[in-house]
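Trainee: So the chains spell out like this:
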Amino acid sequence: MPDVTKAQTTDAATVDAVAPPAADTAGKQSPPKTEKPRSLWGDAWYDLRHRPMFWISSVLLVLLLVIAAFPGMFTSVDPRDGDLVHHYLGKPELGHLFQPDWFGYDQQGRSIYARVIHGTRASILVGVCVTAAVTLIGGLLGMLAGYFGGWIDSVISRIVDIFFGLPFLLGTMVVLNAFTERKVYVVILALAFLGWTSIARVTRSSVITAKQADYVTAARALGAGTTRILFRHVMPNAVAPTIVVATIALGGYISAEATLSFLGLGLSDPTISWGIDISEGSKVIRDNPHTLLFPAGMLSLTVFAFIMLGDAVRDALDPKLR
Amino acid sequence: MRGAKSAKWVAGAIVVALAATACGGGDDSAGDDMNKGKADPNGIVTAQLSEPQNPLQPANAKESQGSRVLRTIFAGLVDYEPGTGKLEYVNAESVTPNDDSSEWTVKLKPGWKFHDGTPVTAKSYVDSWNWSANIKNNQTNSSWFSDIVGFEDVHPEKGDPKSDKMSGLKVVDDNTFTVKLTQPVSYFAYKLGYDVWAPLPEAFFKDPKAFGEKPIGNGPYKFVSWEHNKLIKVRKFADYKGPNVAKNGGIDFKNYTTADAAYSDLRSDNVDWIEQVPTTALASYKTDLGDRAIDQPYSAVQSIVPAFYTKQFKDIDPKVIQGLSMAIDRPTITKTVLQGTRTPADSYVAPGVLGYKKGALGDIVKFDPAQAKKLIQEGGGVPGNKIQIQYNADQDHKPWVDAVCNSIRKSTGVECTGDPKPTFQADLDARDAHEVKSMYRGGWVLDYPVNSNFMRDLYGSKAAGNTSGYANKEFDKLSSDADKASSIDETVKLYQQAEQLLAKDMPAIPLWFYKVNSGQSKNILGKIEYGQDGDPIFDTIQVKQK
Amino acid sequence: MGRYAARRLLQMIPIFIGTTLLIFLMVHILPGDPVRAIYGDKAPDPAQIAQIKREYGFDKPVLEQYFHYMLNLLKGDFGSNLAGRPVADLMADAFPVTLRLTLLAITIEIIIGVGLGAWAGLRAGKAADTGVLVFTLTVISIPVFVLGFIARFIFADELGWLPPNVQDSTDYSQLFLPAFVLAMLSMAYVARLTRTTFAENLRADYMRTALAKGLPRRRIIGVHLLRNSLIPVVTFVGTDVGGFIGGAVITEGIFNIQGVGNLLYRAIQTSEGSTVTGVVTVLVLVILLINLLIDLLYAVLDPRIRYA
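Protein chains in written order, with our numbering: chain A, 1 to 322; chain B, 1 to 546; chain C, 1 to 308.
Treat the hints as calculated values from the structure; they're not laboratory data. A portion of the hints provided could be inaccurate.
To be verified - Below, simulated SDA-like cross-link-like pairs (lysine to any residue); rule was C-alpha separation at most 20 Å, straight line:
#	chain 1	residue 1	chain 2	residue 2
1	B	230	C	84
2	B	437	B	385
3	B	162	C	51
The structure displayed is predicted, hence computed values, not measured ones.
Work the whole structure out from these sequences, hints included.
Mentor: What follows is the structure, encoded as structure tokens:
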């Protein structure tokens with residue numbers, strides 16, 4: 001990739017769209033202008049507090065995190081316990097709030113409500129861990145490439161190009177197909193293996209911008225070491241776009257996990273996953289749409305919450321787009 | 001979605017003419033317009049097919065799609081009589097054994113012709129078998145010839161073949177040849193119904209590869225064209241001399257990749273027969289189709305098999321396995337999760353096979369949680385109190401595995417989870433490599449309709465189909481005695497004794513027998529007849545006159 | 001421009017080799033023996049399996065296999081699958097179908113996406129803007145496979161407006177629903193992107209100049225604003241082709257379309273290494289070329305960019 005400045009921002013950083021390079025945002029990501037008294041972060045926080053989208057998504061996310069951490073608080077029913085004799089494809093009782101039959105029963109006679117609640121953990125775990133992993137790998141490689149330039153940049157950028165050439169979903173399908181046992185960590189590793197490139201690109205370009213800043217030159221002139229410059233001066237000022245891309249991508253990873261599980265290549269039994277339940281539900285959708293709609297709704301809600309948060313953070317950190 | 005495509009992997013099956021005697025769809029009710037009208041002898045039947053995975057060579061059709069087509073193009077030496085499973089001659093005039101069934105003489109009906117006009121002779125058979133058995137020719141079914149003397153010369157375990165002919169095959173005259181076997185097999189003639197034993201015309205040997213794209217057979221239909229991923233056409237062969245002359249003008253095998261697509265075409269009469277109703281429509285297809293719905297058992301069984309090489313099952317008391325079997329609520333699961341696509345199994349042998357005995361397994365397959373718990377306790381419990389059932393996730397097995405596990409967990413407290421492998425390959429690899437952790441899904445569709453096929457080929461300690469590491473000397477002895485028995489009746493009886501032995505030892509837990517859930521269009525006159533392998537008998541299908 | 005294109009083409013070679021090697025390694029290190037699988041539940045014949053493997057060269061080291069594969073590829077030979085059908089034939093059947101689906105989807109994506117985005121962008125901060133924002137967020141949140149099932153359930157099963165499955169992949173009317181589902185996600189991104197650039201460019205100097213010159217509003221929006229706002233959209237659509245192929249695996253599966261996605265999915269499942277590698281190789285090539293094309297297109301769309 002030549003350094004053509006792409007007027008492309010982070011919008012499409014979610015995974016399944018195989019994000020556009022999410023931009024060499026060089027010159028675009030305005031580092032904090034010194035005339036403002038507040039720091040970039042303070043400014044962003046001030047901005048965030050005034051956005052309803054931020055609050056809606058935060059409340060949703062806190063709720064989801066609580067569900068993921070303590071599913072037992074919300075239902076006492078074992079999500080794996082099926083009763084074919086009494087509950088085979090039982091219809092939902094929308095009035096019975098928080099009861100096992102609230103969302104009806106699936107074709108194993110299991111409470112869909114209980115499964116939706118217990119399925120939260122895997123999705124959130126995958127989303128958060130993959131994001132952490134790609135931020136770590138992509139961020140580090142992007143930083144190295146951007147800061148040192150030269151042959152390090154060439155090598156890393158070529159590797160990024162190679163991985164980027166593979167369509168994300170297809171690549172993870174091939175990788176996961178190789179694992180006969182797919183626990184949560186396997187899915188996380190597979191998604192991270194092919195997902196780190198966007199972050200690397202974004203970080204690289206923002207680091208390039210940041211390292212040219214006067215204060216970096218000043219620090220170098222004062223004899224600061226490379227490590228110190230990188231972590232004290234460059235990183236804090238280059239990390240904003242990375243965070244934006246990562247937050248938005250998080251929702252995408254959850255969606256990708258569900259898609260893979262749906263294809264039979266994601267999480268596997270006994271892990272409870274919305275993707276698997278949606279796939280099961282799709283087989284009886286004609287007469288029992290509830291088997292698909294509730295897990296699908298919960299999945300979409302979760303992705304929605306993360307993407308909305310990412311959106312709000314992006315707007316806050318990237319004032320130019322406001 | 002894709003799992004629904006084809007629930008069955010019919011790895012090998014027979015040419016059949018077993019009529020649909022046990023047809024669950026019931027006899028044709030009067031006043032139904034399905035049975036009214038006149039048959040059009042030139043009418044074309046449109047049938048569902050998925051793209052065959054291999055070239056159309058008789059010994060290379062390991063999966064159901066290719067053999068479905070091949071069976072219309074080729075006629076074998078023998079077939080089985082409807083209902084009884086007795087041998088019926090097709091291209092053969094007689095197939096007779098010597099005293100100890102170790103040498104067989106095949107006499108052909110004279111005057112038969114291939115579709116290209118060349119005569120069908122003893123040489124057509126012998127050359128065909130020699131070619132197919134040859135390891136160099138990569139025919140997946142080549143091991144079917146392993147009973148014949150000289151097989152290891154053309155199919156050595158290592159290295160190049162020493163010869164291109166099996167010494168056990170001898171052409172006597174144009175219409176006679178003899179087959180010498182390495183050991184007596186009382187039911188050898190029964191095996192001859194399978195696709196691999198078909199004759200091949202001279203044209204084949206000139207260019208086997210081209211032949212695979214444009215086969216020439218001796219059967220009731222001649223091959224017309226194959227548009228990949230779209231359509232395979234076969235048409236009635238006017239000079240066919242066999243008993244099963246086609247009652248229609250030909251078959252168009254139309255390609256579908258999903259059962260859903262085929263089903264919606266069936267409902268709009270764009271296809272006349274489909275393989276299997278999609279899972280999404282199982283609840284409603286009988287109302288959708290009325291009398292045109294097909295609900296038809298065939299000879300296949302599904303079971304779960306303990307891996308006897310694991311620590312868990314190495315020295316297990318069979319009582320524990322019996323207990324697990326009794327913890328499975330087969331009737332409820334078949335009715336609900338499986339939506340009536342299977343019937344509870346009561347034997348190791350599937351119905352429609354010589355020697356199937358109703359209720360052969362007695363109480364062992366009855367659902368009785370209390371007794372199940374008791375048996376498991378008496379047997380010393382399940383080591384680790386936890387089992388796993390390995391299956392392949394690329395087919396629609398998850399629902400029933402989950403249901404079986406739920407049933408076991410609920411009735412006995414033994415923890416049970418599915419252990420999905422992403423693909424059938426991965427599943428088989430784990431089985432072959434003896435890496436199954438606890439139990440695995442087993443399935444078996446008949447190769448030939450004798451009960452030995454469901455026992456010796458699966459549970460014999462040396463059987464190639466035995467991947468569980470099960471070994472029982474007593475059973476081995478009994479089955480080898482049975483194979484050497486003087487008559488087929490005797491063989492069948494001895495195998496029935498062997499089945500009782502297995503019931504005590506539990507090499508597997510039979511779950512259910514398969515059914516075909518399908519349908520036919522309004523263009524078809526009368527109900528489509530089925531063979532025991534779950535495929536229709538195409539030559540008997542009649543098309544209504546328009 | 002010509003030299004730039006040539007340099008880019010040269011740069012593509014190592015990327016191409018790297019990506020194909022990556023996919024080749026991924027496919028060939030997979031467990032799951034495609035030859036063994038031919039036998040299904042029935043007993044395998046080890047001698048026969050070994051013979052077939054020898055013939056396909058599966059017994060050689062992976063790198064050697066890769067080398068041979070690339071050599072053959074240079075001769076235009078994609079090899080054949082285990083059934084003996086040339087992979088090139090399989091692709092020749094599948095690619096036109098997916099091309100049709102993708103073109104239809106891109107058309108839908110651009111028309112609706114740019115339309116919605118422009119509408120919202122011109123009314124930035126108003127109710128319409130918020131409405132479009134929430135709508136796009138919602139669409140992005142629903143995974144493609146859920147969208148596919150719901151769309152099929154509503155439009156085919158319940159309302160009966162469209163066929164639930166594609167019988168004839170050459171019929172655009174049958175492809176409409178799957179293309180729509182496939183387009184939805186990207187459409188949402190296009191809408192947001194258009195909205196952003198529209199809102200941004202509305203404040204740009206050249207707009208003020210144009211207004212000051214007294215140009216009619218329609219001309220300002222149609223020529224100046226649209227042209228400048230389309231640059232990021234074009235980039236996005238171009239880089240999104242890979243995503244479309246990923247989405248096609250899902251969409252083609254749900255709607256029974258015999259395209260590349262279906263071919264690839266089945267090949268992955270059956271560990272048909274030659275098919276997977278062949279299809280992905282072509283895809284990578286297509287993606288690389290499209291990226292190049294887009295960078296070149298920049299120069300056409302944006303006079304400020306010049307390639308030397």
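Trainee: Could you run down the list of hints and mark each one as holding or not?
Mentor: Results for each hint:
no. : hint             : verdict
1   : 230(B) to 84(C)  : 17 Å, holds
2   : 437(B) to 385(B) : 14 Å, holds
3   : 162(B) to 51(C)  : 15 Å, holds
This entry satisfies every hint, going by the numbered hints stated previously.
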